[in-house]
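Participant: The primary structure of each chain is shown beneath.
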Amino acid sequence: MLGEGIIKGMAVTAKNFVGSYRDPERLTTVEYPEQRIPAKENARQFPFLVFDGDNPMAGLRCVACQICEKECPPQCIYIEKSKDKKPDHTGKPQFYPAIFDIDVSVCMSCQICVEVCPFEAIKMDTEFELSTEDRFGGLLLHREQLAKSVLHHRKIHPTEEAEIEARRVEERRKAEEKAKADAEAKAKAAAKKEAVPVQG
Amino acid sequence: MDAIFAIIAALTVVSAAGAMFLRNLVHCALCLAVTFGGLALLYLKLGAQFVGFAQVLVYVGAVAILILFAILLTRSGQDDGHNLLSNKWWLGAGVAGAVFVTLAMCVQGSFVTGNRIPAAADPSVKAIGTALMSNYVLPLEVIALLLTAALIGAVIIAQKEKETGK
Amino acid sequence: MNELNGYLLLSALLFAIGLAGALTRRNAIIVLIGIELMLNAANLNFIAFWRYGPNPEALTGVMFAIFSIAIAAAEAAVGLALIIAIHRHFKTTDVGRVDRMKG
Amino acid sequence: MDSTTFFANLAAPGFDQLFVTLKALLVSAFPEVIQPLVSIVLSISAIIAVFGLLFAITTVVERKGLGRIQNRPGPNRVGLPWFHVGPLSHLNGFGQWLADGIKTLIKEDIVPRSADKVIHFLAPLSLVVPVLLAFSVLPFGRNMTPIELDAGLLFFFAVGAGTELSVFMAGWSSRNKYSLLGAMRALAQMLSYEIPLILSALTAVMLVGTLSLNDIVVAQEAKPGQWLANWHVFTPWGFAGFILFLIAATAESNRSPFDIPEGESEIIAGYYIEYSGFKFAIFFLGEYFGLFAMSGLAITLFLGGWTAPIAFLSFIPSWMWFFGKLFALIALFIWLRGTLPRVRMDQLMNFAWKFMLPLALINLVNVAVWHYTGGGMVSWVVCTLIIGIPYLLLGRTLFAGQKLGPRTYRYAS
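Protein chains in written order, with the numbering used here: chain A, 82 to 281; chain B, 147 to 312; chain C, 27 to 129; chain D, -8 to 404.
Derived from the structure by calculation, the hints contain no laboratory data.
Every residue, glycine too, gets a C-beta built ideally from N, C-alpha and C.
Take every hint as true, because none was put in to throw you off.
Not close to chain B: a few residues of chain D, all C-beta gaps over 12 Å, as computed:
{"hint": "1", "residue": "Glu53"}
{"hint": "2", "residue": "Leu89"}
{"hint": "3", "residue": "Phe346"}
{"hint": "4", "residue": "Thr364"}
{"hint": "5", "residue": "Tyr382"}
One-sided excerpt, in silico: chain A residues whose CB lies under 8 Å from chain D:
{"hint": "6", "residue": "Met82"}
{"hint": "7", "residue": "Leu83"}
{"hint": "8", "residue": "Ile87"}
{"hint": "9", "residue": "Thr94"}
{"hint": "10", "residue": "Ser101"}
{"hint": "11", "residue": "Leu108"}
As a list, the in silico DSBU-like pairs of lysine-lysine whose alpha-carbon atoms are at most 30 Å apart:
{"hint": "12", "chain 1": "D", "residue 1": "Lys55", "chain 2": "A", "residue 2": "Lys89"}
{"hint": "13", "chain 1": "A", "residue 1": "Lys255", "chain 2": "A", "residue 2": "Lys167"}
{"hint": "14", "chain 1": "D", "residue 1": "Lys168", "chain 2": "C", "residue 2": "Lys117"}
{"hint": "15", "chain 1": "A", "residue 1": "Lys267", "chain 2": "A", "residue 2": "Lys255"}
{"hint": "16", "chain 1": "A", "residue 1": "Lys96", "chain 2": "D", "residue 2": "Lys55"}
{"hint": "17", "chain 1": "C", "residue 1": "Lys117", "chain 2": "B", "residue 2": "Lys234"}
{"hint": "18", "chain 1": "A", "residue 1": "Lys162", "chain 2": "A", "residue 2": "Lys173"}
{"hint": "19", "chain 1": "A", "residue 1": "Lys269", "chain 2": "A", "residue 2": "Lys259"}
{"hint": "20", "chain 1": "A", "residue 1": "Lys236", "chain 2": "A", "residue 2": "Lys255"}
{"hint": "21", "chain 1": "B", "residue 1": "Lys272", "chain 2": "D", "residue 2": "Lys214"}
{"hint": "22", "chain 1": "A", "residue 1": "Lys89", "chain 2": "D", "residue 2": "Lys345"}
Generate coordinates for the entire structure from the input sequences, incorporating the hints supplied.
Facilitator: Laid out in C-alpha cells, this is it:
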C-alpha cells in the first residue's frame, strides 16, 4: 500500500532519535577538543628528532649525516653539521647537527627521512595541532622544537620502539664486548709487552 | 482624487509603460506583474475585495508566470537590439494616441460620470457566491467549459508539432 | 475632476498603452501582454462603474470582472501555447516574419 | 480586528486574552488620531518578533533533531558570549542561531558581475514581504487575528502567488544555469502543487461556508455539551484533506522530500546559489516563514486552529494551543526531512498530477457526501470508502510497472 514505506521509515528514524538520547553509545561523534580517539599506532604526521636521556640537546641521536636532507622529496629539511664531536650512545664520538630545521608547511609526511636514517634518529610524530598565527616562522621548526624524548616515541609507536631498543641494546652490548675485547687485547698486548722484557 | 489613488495610479501606469516598451522581455513580464498588482490594489481601494485577490491569484500567480515560461521557452529573453518596433510603428502609436484622446474626451464630457457618490455596500464573499450560483450559474458553467476547452486546446497546440515529428 | 473620472482616465490610459504596445512591438509575446493590459483596463472600468453606479447590490460589475479574469486566463494559456507552437515552426516570435499560411 | 472589539475584551481579562488586553491597553495610551496606526504597528512588530524568534529556534532545533535522527549530537557548542562559566555556559547549542545570524549579517554581499542587479536585489525582498503578509490573516488565538478579512483564505493564497515570482526573479537575475534550472524546477513544482493545495483547502471552506479563517476555526470549536471538538481532521474527508494539504504544503515550501529546487547534490542550491550574506539569510528566512504560514493554515483549516481538542482542556489559553500545534507540525516536517530521500522530478510531477489532483477532486465530492448524509455512522463508512478506494487504486497504478524489490548492489556487500 502507498505510504507504508514512509511510515516504516519514520518509525526507524524515530527509533534512532529516541535511541540516541537513551543510549549514548549510539552517538558516533567524538567531541574533539575534549574527547579524542587515541591515535593508531601507524598514524603519522610530521617528523621529529629522537633524543636519549634527559638533556635534549646532548642526547640527540642525529649525527648530521645529512642523508635525510638529500632524500627529502620536497626538500624541507635543512642541516648544518657541527664543528666538534660528541660521544653517541655507544661512546663513539660523532658529529651532531648545529642546525636542524624542518619546514612542516612544506613537509608531505612521506616518511622517507625516517626510512633512510641509519641511526633511528628521526621518527614520525602523531602531533597534528600545529596551528600558529605566523605561517612562515611558526611552521619552521628548529631542533629545539623537534627534539623529543625516546619515551615519547615509545608511547606513540611501542612495537617499533621495542624493536629499535632491542637492536640498540645489542649494538651497545657488542660495542661493550668489542671494547672489552679491545681492552683485553690491549691488556694482553701490554702483558705481552711486559712479558717480553721478562722473556727477553 | 486622493494621494493613495495618485500613487497607485502612477505605479500602474509607469509599470504598464515599462511592460510595453522595455527592451528585455523578462523585464517586461515583471513590469506586467507590477501592473497587475497595482490594478489589484485599485480594486481593493474600490471595495471589490474578492476581485482584487482573484486578480493577484490569477494574474500575478498564473498569467505572469505563464508569460515568463513562454519567454524562456522561445528564448526571446534578450532582444537582438534592432527591429524592436514594427515598420509602421508610428501608425500604431498614432492610433493608440487617438484612442486615448477620444476616450479621455468622452470621459470628461460625459454627464454620466458627474459627481457620483461611491456606494457604501461592500460585497461579502457569500453574496458573490450566492450570485454565482443563482443568477450567473449559466455563465459560470460556460466559463467552466471554456476553461476546460482552453486547457485541452493549449496542451494540444503546444504538443502538435512534436507528435507529427515522430 | 471627481474620483470616477480618475479611474476612467486611468483605465483609458492603460488601454492606450496596451494598444500602442500591441500595435508597435514586433514580438508576439509583447503583443499578448498588450492584449492582457487592454483586458485589465476594461476590468477596471467594470469595477469603477459598479462602485459608483446606481445599484451596487446587483454585483453586475464584479461578476463581469470575475468572468473576464477567467476568460483572460484561458486566453493567455491558449495564446502562449500558440506562440510556442509558432516558435517551434518558424523559429521566431517576430509577428512580422510569420507571414506564410502554409506550413 | 478593530479597536472596539479590543475595548469590549477589556471587560473580560484573563490569561486567554492576555495579549489582546495588553494591546488594547497600549493602544489606548496613544491619542485618538494615531490609534489605528499604533494598532497596526503593534501587530506587525509582534508578528515579526514572534516568528523571527520561532525561525531562529527552529533552525537550531531542526539541526539538532536531524542530528539525533542520524545518531549525532547536532550543534551543542555555541552559548551566550561572556557567560562561559557554570553548567549552562553552552546552553546546549541553543545560541547557534545568534552566531549564524551575526555571521550572515557581516558576510560580504557578492553580486555576480553579469547579474541583473536591480532584480537580484528585489528578489529576496519580494519573497519575504508576501510571506509576512500571509501571517496577517491567520488566527493565532481567540480574537487574535491581525486582520479579519472576509476572504482571508483567498488573501492567503493570493499573496502566496507572489513568492513564485520572486523565485523566478532570483533564478533568472543571477545569470547562472544552476539557479535558472532551480527556479524552473521550483516554478513547475509550485504551480503543480498549488492546485491540490487549494483544492484540499477548499474542503473546509465547502463545509463551513466561509472564506474567513476565523469563522472556520470557530466552526471547529466544541459546541456546548460536546466533549470532543469538531476538528475537521477527525472526519474521513478532513483526514484525507489534511494529509493532502500537508503533502502539497511540503512541496510548496520546498521542504524535503520535495526540495529538488534546491537539490544541493544536483544543482548546488538552486535559485539562491548566487546569493550570499544577508540576502541569503533573507531567502532562508522567507522559506521558513513560508513553512510556518503553511503550517498555520493547515492548523486553521483542519486541526481546529486555536481550539482545544477536548472540551475540558479549553482552560489552556487559545494562543498556546495554536503555537503548540505549530511546534508539533514543525517537528513533523523536521522528522519527514530526516526520513525521506529527495524525489526525482518526474516522480514529483507524476505524484502531483496523477495522484494528488484526482484525490483532491474526489475529496471535494466526499465533503458534499458527508454534508448531505449528516455525519453519522453511515456517512463515516461511505466517506471512508469514497476516499479510501481511490487511494488504494491510485497508489497501485502509481507503482504499476515498477519493481520495488530489495535493492541490490553490484560492488558493495
